[in-house]
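Start from chain Y and add chain V according to the hints.
Number of protein chains: 2
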Amino acid sequence: MIQLERNILGRNAEYAAANRARLGTARVTALNVMSSPGSGKTTLLVRAITDLRGRYPIAVIEGDQQTSNDAERIRAAGAPAIQINTGKGCHLDAHMVGHALDTLAMPAGGLLFIENVGNLVCPAAFDLGEAHKIVVLSVTEGEDKPLKYPDIFAAADLMLINKADLIPHLDVDLGRMIDYARRINPDMDVLVVSARTGAGIADFYDWIAHRTGSKNATARVAAQGIPPT
Amino acid sequence: MIQLERNILGRNAEYAAANRARLGTARVTALNVMSSPGSGKTTLLVRAITDLRGRYPIAVIEGDQQTSNDAERIRAAGAPAIQINTGKGCHLDAHMVGHALDTLAMPAGGLLFIENVGNLVCPAAFDLGEAHKIVVLSVTEGEDKPLKYPDIFAAADLMLINKADLIPHLDVDLGRMIDYARRINPDMDVLVVSARTGAGIADFYDWIAHRTGSKNATARVAAQGIPPT
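Respectively, the protein sequence lines represent chains Y and V.
Just add 712 to wherever you are in the first sequence, counting from 1, and you've got the working numbering.
Just add 712 to wherever you are in the second sequence, counting from 1, and you've got the working numbering.
If we strip away everything but chain Y, and leave its shape as in the complex, we get (with noise of 0.2 Å):
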């Protein structure tokens, strides 16, 4: 089984690389989006989507194990989309990615994001070829989930803890959520952001335009005194 596993994942590393090297020709930020089931992936790109428009060119892939539903909500928020159905599997692999990059419009210069199949475990393993791990969190889902679903904290760049607009209807302990995942991840940032709402949203945005690199991002970052990468 082990063995097994080592060849998967060294086959996922290969169409890993390949994915990376074709998003890097077309200057393609792409960033790999997993939470849990419900902690309103979807909802956070549609706003993305709709508050970004101007600025970069952007496309989604989507993973679910059925239906087409996430990727109309991304078509219908102006946004081109593939949907991928993974069946009885738990997560997106690179190979999966890169099909879907066949037939994608690719959005050079700007951004891809693959949203994964709702699952804290499964995708933690499964580098995509993406510039970016973002963990998606709800505050309703509580404090500990960092500790009990290490991996994926691990994996990840950016944690979003979303879902901010509900905090004054429950027990949720925002520090503590908050040290747990820096217990497991020390060099994650960390926003808190209502997709909902829009609150909070726009540091989201901010951590994206420097990870792309474009002037207008790095003239903004650098007036907050965030120094330019």
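These aren't lab readings, by the way, just hints derived from the structure by calculation.
Note that the coordinates shown come from a computational prediction; the quantities given were computed from them, not determined experimentally.
There may be inaccurate statements among the hints.
Some but not every residue of chain Y turned toward chain V, in silico, with C-beta under 8 Å [claimed, not checked]:
(1) Ala729
(2) Gln777
(3) Ser780
(4) Thr852
(5) Glu853
Note that the Cβ used here is the ideal one computed from N, Cα and C, for glycine as well.
Just chain V, lined up with the frame of chain Y:
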């Protein structure tokens, strides 16, 4: 790969049958509780243990990738608990549960709750030897989860819609959530509860009582006009 999957599920079925025989001999009703991370499974079990203490002996098997947080919460509520850490694994299997049964004090004539790893995909295919599968879906997760993760809803005998206390603060359409679930599984029972406030939870206890076949339970259920099994 398909052959390997068949072998794994075939071996799992043998272990599950052995677990079912052991549980049957001890007249234990085992309930396999499955959901996304953070839907409130442990909170639900803590409340059930407290409320049902005088009615049944209760024991719990807890599944998580990491930590023994949940087993500790269960023990603090007064029930014996065994924590299984699955490491990279995204679900419990019957072999793991068999090992836990070796060390757990068997709640003869009572209830065994098996809290699966928080995951709406992987646990669906693995029989643990339980009497019934229960899927918990939080109102915060959105209406469409039964359509997007159909296998786990198809496998369940009961859907508990949890966190009903949050409904006033959400855009969720409960009728649509139930409709989508019934499209996947028309025979599944559906109850709306709040594990936090206790609202609706008595219906869950009646559902359990109806399935343990105890005389108390049969009498109460009969009084409500539901034919006893």
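Problem - List of violated hint numbers, smallest to largest - result: Structure breaks hints 1 and 3.
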